[in-house]
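Q: The primary structure of each chain is shown beneath.
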Amino acid sequence: MVRKKIAVKNSSGIHARPASKLVKLASKFQSDFFIYMYGYKINGKSILGVMTLAAEQGAELELETSGPDEDEAMKAIEELIHSGFDEE
Amino acid sequence: MGLASNNIKESVIEGLAASPGVAIGTAVVIQRRTVQVKPEKIDVKQIDKELSAFDTVRDGTIRDLQSYDISDSSRPYGDATEILDAQIEIVKDPDLHQSVRKFIEKDHYKADYAVCLAFDQYLKVIEKSGNQLLIERLVDVRDIRDRLIKRIQRHRPGLHLVGNTVVVSEEISATEVIEYARDGVRAIVSDRGGLTSHAVIIANSLGVPAVVGTRSASRKISTGDSLIVDGKRGKVYLNPEEKTLERYERLLSRIRREEEEMARIIEEPSVTKSGESFQMEANVEFAEELGNVVRFKAMGIGLLRTEALLLAQRDHDGLEEIQVQLYKKSVEAVSKDVVTIRLFDIGGDKFIEDASNEVNPFLGWRGIRYLLDNRRLLDVQLKAILETAGQNPGRIRILVLMVSTIEELSQVREAVDAVQHQLEDEQKPVDPDIKIGIMLEVPSMVLIADRVAEYVDFFSIGTNDLTQYTLAVDRGNTRISKLYQQMHPSLWALIHMAAEAANKNGIGISVCGELAGKPFAASCLLGMGITELSMAPTAIPAVKKALVNQDMASMQQLANKVLEAATMNEIQEIMHDWEKDFNGRE
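Chains D and C, in that order, give the protein sequences. Sequential numbering of the first sequence, starting at 484, is according to my numbering. Sequential numbering of the second sequence, starting at 109, is according to my numbering.
I should point out that these hints are in silico values taken from the structure, not numbers from a laboratory. All values reported here derive from a predicted model rather than from experimental measurement. You may find that some hints are simply not true.
Said to hold, decoys possible - So the derived label-pair ranges between C-beta atoms look like this:
id, chain 1, residue 1, chain 2, residue 2, range
1, D, 487, C, 385, 52 to 58 Å
2, C, 323, D, 551, 50 to 56 Å
3, C, 327, D, 487, 48 to 54 Å
4, C, 323, D, 488, 42 to 48 Å
5, C, 444, D, 551, 36 to 42 Å
6, C, 466, D, 551, 56 to 62 Å
7, C, 235, D, 487, 27 to 33 Å
8, C, 340, D, 487, 43 to 49 Å
9, D, 487, C, 585, 54 to 60 Å
10, C, 236, D, 488, 23 to 29 Å
Positions of the beta carbon are idealized from the N, C-alpha and C atoms, including for glycine.
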C-alpha cells in the first residue's frame, strides 16, 4: 500500500472534467485507489464519489493505492494532480 | 412569416451572449418534465429481471453517448469531448452501479427507483458542499439520472424536430445540446445557466448560436412563436417585425455566403492554377488559437511563439511544464503536420528585467544572444522541445532567432546535442533528426545565406524584423513610421537572395512575417520560389484564394516586376494593378 499527501493545484478545483480525467486514469490500473479528505474516504475510481469531495484549489488530499501496480498508479495520479489536470 | 402581423408586437428578451451566430426560426419550448418514480417494491423472483433491465439500459446509454462523435466537427478543439467523457464516466461509475444493485437486491426496489435513490446520495452531498461550480454542473448529473430512469421506463428518447427549430428551455444540459445540434436545431435559448456552463462550451464548439440566462424566456415564449436569436448580442426577438426580419435575413444570407466561400476555399487543395503545390501554415502564440488552426486547415504551425510563457511562469520547473503542455497541444492540433517552435524572444521590446535599461534594445541583448548567456533558461526550453519531439519524431522543428553570426548557430547545435544526450541517459525517446533552422531577420545572415544554408536545415524569414534592421527604422517610432515598409525594394531583394540560397542548397524556406498574410505579397513570394507561408490562421482563406487562382508563370512575372522596382511608388503601382486585375477576374 502506498500513501501520499498532495494539494489540489488547479484554480477551479476538482470539478466534473478533472474528476473524469482522474477516474479514467485510476481505472487503467489494477490497484485500488482511495482518496481521503477531511475525514471522508471515497473510491477514486468513482466519478460521483470524487465529485462529492468538492475539492477546491488548495484542498489537501491523501491518496492511497494498493495492489500489484500501486507505485505506478500513485506516480501517474500524482502527476495528473500536480499538472493541474492540464487545465489553463 | 405571417406571425409578424399588426396585432402581435415585437418584443426583445435580453440574455447573455453565449454562443455567436444568428438564427431565424420557430420556437419549440421544452418543458422539463420531472421524471416520475414511485417507491414500488418487487417480488424476489423479479430481482434478476430488474437487475438485467438496469444493466441493459446502462450499456445502451453508454453506447449512445459514445456514438455522439463530436471530435471531428469543424471546431473540434476545446473541451467538448472532455465534457462528454465526464458524462460517460458517470454512467460507468462502479460505485453507482453497486449502489443501484444494492437497492434492487437488498431493498427490492424497482430499477428506476433504485437509480433515483443511488443518484440522490451523491446529489445531496454535492448540493450541501457550497461549491458553486460543482452545483452549477449538477444539471449534467441529473441529466444522466433522468436519462437512465426514462429509458428504464421505456420513454422514447429524443425529440423529433423539424425545420428551423429554436429550442427554448428553462435549463439545458451538455448532452442535450449535442443531441439538438445533431437534430439540426438552429439555436438554443435557456433561462438558466451562465457563460461557463458545459452546455455553453459545447454550443460554442459545435457552432450552435445560444442565448442563456434569459430568466423568463421559456414562460414568455410559446411553441410555434416566431423567433430571431442573435447569439452575438445576447438578444432574442419574439414575434419580430417585418423590418427586423428583413434586417436579420440580409445579415444571415451575407454570413452564409461568406461562410460558404470560406469553407469551399479551405477544402480546396493548396495548388496553383498551373499545378504547383504550396503550404499554408499558421502563426500561433496561445493554445486558444489552436481551434482556428484546425478550422482553417493550416498545414502545420510555421511559427509557434513561446515568449508569452515567460510572462506566465518564471520558475524553471513550472516553465518546463507549461511549455510541454503548449507543445503537445500544438502537435495534436495539426494531426500529421509539423510545428516550428521559435525559441524565447527575449529582449528587444519584450520586457525582461535584466535585459532592460539598454539604449538600443533591438540592437542589444536579444533572442539567441540572451539565451546563450543564460544557458539554464535555454536548456529548460530545449528540454521541453526535445522531449516533445522525442514523443513525436519528425513533427517538431526548432527555430533560432536573432542570429547574426554562424558561430552562434554552432553553439546552439552543441546545446541541443547536450540536452539530447541527457534525455537519452534518462531513457527518454529522442528525435535524432531534429531539424534546426534560423529566422532570417538580421541582414548579415541573408547576405551570406548561401553559406549559412550549409549550417541549418531551414530558413524562416521574419519580415517584420528584417524590415526594421534593413531600413534602420524603429517600428515604434511614430515620427518615421512612414519609412517602415515591408515591401521596400531592398526587402524584396533580400527575400529573393534567401530563396535562391535555400533552393540551391535544397533546404526549406518559409516566410512567417506580415507579408505572408497579404494576398499580393504572398503571390510575389510564391513567384520567388517560396512555397511555405505562415500567417495568422484567419488570414489563410484570403491568401489561399489568391494563390489557387493564379498560375506560376504570372506569379513569377509579378515577382520579377517587384524585383526590378526601385521605389516604393513603383511597388504600390504594381500592387494596385494586380489588385484591379485580380478582383476583375473574380
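Q: Hint by hint, note whether the structure agrees.
A: Evaluation of the provided hints:
| no. | hint | in the structure |
| --- | --- | --- |
| 1 | D/487 x C/385: 52 to 58 Å | holds, 54 Å |
| 2 | C/323 x D/551: 50 to 56 Å | holds, 55 Å |
| 3 | C/327 x D/487: 48 to 54 Å | holds, 52 Å |
| 4 | C/323 x D/488: 42 to 48 Å | holds, 44 Å |
| 5 | C/444 x D/551: 36 to 42 Å | holds, 37 Å |
| 6 | C/466 x D/551: 56 to 62 Å | holds, 59 Å |
| 7 | C/235 x D/487: 27 to 33 Å | holds, 30 Å |
| 8 | C/340 x D/487: 43 to 49 Å | holds, 48 Å |
| 9 | D/487 x C/585: 54 to 60 Å | holds, 57 Å |
| 10 | C/236 x D/488: 23 to 29 Å | holds, 25 Å |
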